[in-house]
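Colleague: As a plain string of letters, each chain reads:
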Amino acid sequence: MTVAVGDTVGPLRMFLSLQRLVMVSGANRDFAPTHIDNEAARAGGAPAAYADIMFVISMFERLLLEWAGPAARPRRIGPVRLHDFVVCGEDVTVAGSVVAVTAATGDGRRPGFDVEVEIGITQAERRPVSGRGTVWVPAQGSARSQRIT
Amino acid sequence: MSELLDRLPGPDGGAVVVARTVGAEEISTAAIRRYVEAHEMTSPLHSDEAAARAEGYESLIAPWSMLLTAAMPAYWEPGGEPLRPGFLPPYMWTRLGLPGSEMVTASVDIEFLEPLRVGDRITTTYTIVRTTPKATRVGDGRYVDFALEFHRQDGRLVAVERTSIYCYTPFAAEGEHR
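So the sequences go chain by chain: Y and R. Numbering (my numbering) for the first sequence: 1 to 149. Numbering (my numbering) for the second sequence: 1001 to 1178.
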């Protein structure tokens, strides 16, 4: 793939239902009441049950790897800053733009690039999460020379 | 709580290891499948062995973000006290008796070094690297900066995390748990 600063990454969208939050909780084992119970979330000042940090990190990963493909490898997700609640009952949109491209070798000294992406999560007019992620992508035509162990 | 407070590094740093935990479960294909399903992750590396091998991995790998789930200790084990309604995830920052009645995650930063494989079990070392007193719009408290190291069972460092938690006593009752 060819990558340049300013390239758009995503977006990906998901409707975040309470049912989805319960499903995510069962998968990531974060059973904090505020993530699966609207009443508990409201008691803490949120308008509804809201996603946890693991969901946020997972959606950053999804965005980066669905864009960069299976040969890519995440180097870093962060810093991720939580400004507001990612609440259920609304669409979640995750999107980014490339802010830096740096030559870097991957496993087995395979040539490639570290691509840094500025990422935001938006819900309607709100932007509850902002952050960055860096993913290594192989240079075009570079062959893998060694297995990752 | 006061003992911990006495040991906490101030704004100029001076790291203190405060806890070491072991993930409740080895990474399994079943756990990977549930995680992928819940987040609708499309990468073939989590479900297609041939695709994973073609990219140089020994076998299937877990989603990278599944690290935090793999590192989470058990909520309850035989012999433990019954869980009370409203129980929280067993992250150490909920169990260290940090100052203040509320805590919010201010920022998270994870560097991934090695993929998570089926059978891996993760040990986490929690270090407090800095605390910074701060009054904010929600209350009076302090930022507590953690550095976490995640090792797999063979001792290999698989990831590091830097997390800043704001622990505070609210001016008005509001707060968010991680």
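I should point out that these hints are in silico values taken from the structure, not numbers from a laboratory. As the structure is a computational prediction, the values presented were derived from the model and not from experiment. Any given hint could be a false lead.
Stated by the list, open to error - To list a few chain R residues with every Cβ distance to chain Y over 10 Å, as calculated: (1) G1086; (2) F1087; (3) T1125; (4) R1162.
Said to hold, decoys possible - Footprint (simulated), chain Y over chain R, 3 or more residues, beta carbon under 8 Å: (5) 1046-1057; (6) 1126-1135.
C-beta atoms are modelled at their ideal positions from N, C-alpha and C, and glycine is treated no differently.
Colleague: Please go over all the hints and tell whether each is borne out by the structure.
Modeller: Verification of the hints:
Residue-level check failed: R:G1086 sits 6 Å from the nearest beta carbon of chain Y, not beyond 10 Å. Not every beta carbon of chain Y lies more than 10 Å from that of R:F1087, the smallest distance being close to 7 Å; the non-interface claim is violated. For R:T1125, the condition that its CB be more than 10 Å from all CB atoms of chain Y holds, with the nearest at approximately 18 Å. Not every Cβ of chain Y is farther than 10 Å from the Cβ of R:R1162; the closest lies at roughly 7 Å, contradicting the non-interface assignment.
Here the stretch 1046-1057 of chain R counts 4 residues with a CB under 8 Å from a CB of chain Y, which clears the bar of 3, and the coverage holds. Counting residues of the stretch 1126-1135 of chain R whose beta-carbon sits less than 8 Å from any beta-carbon of chain Y gives 0, not enough to reach three: the coverage restraint is violated.
Of the hints listed earlier, those the structure fails to meet are numbers 1, 2, 4, 6, in rising order.
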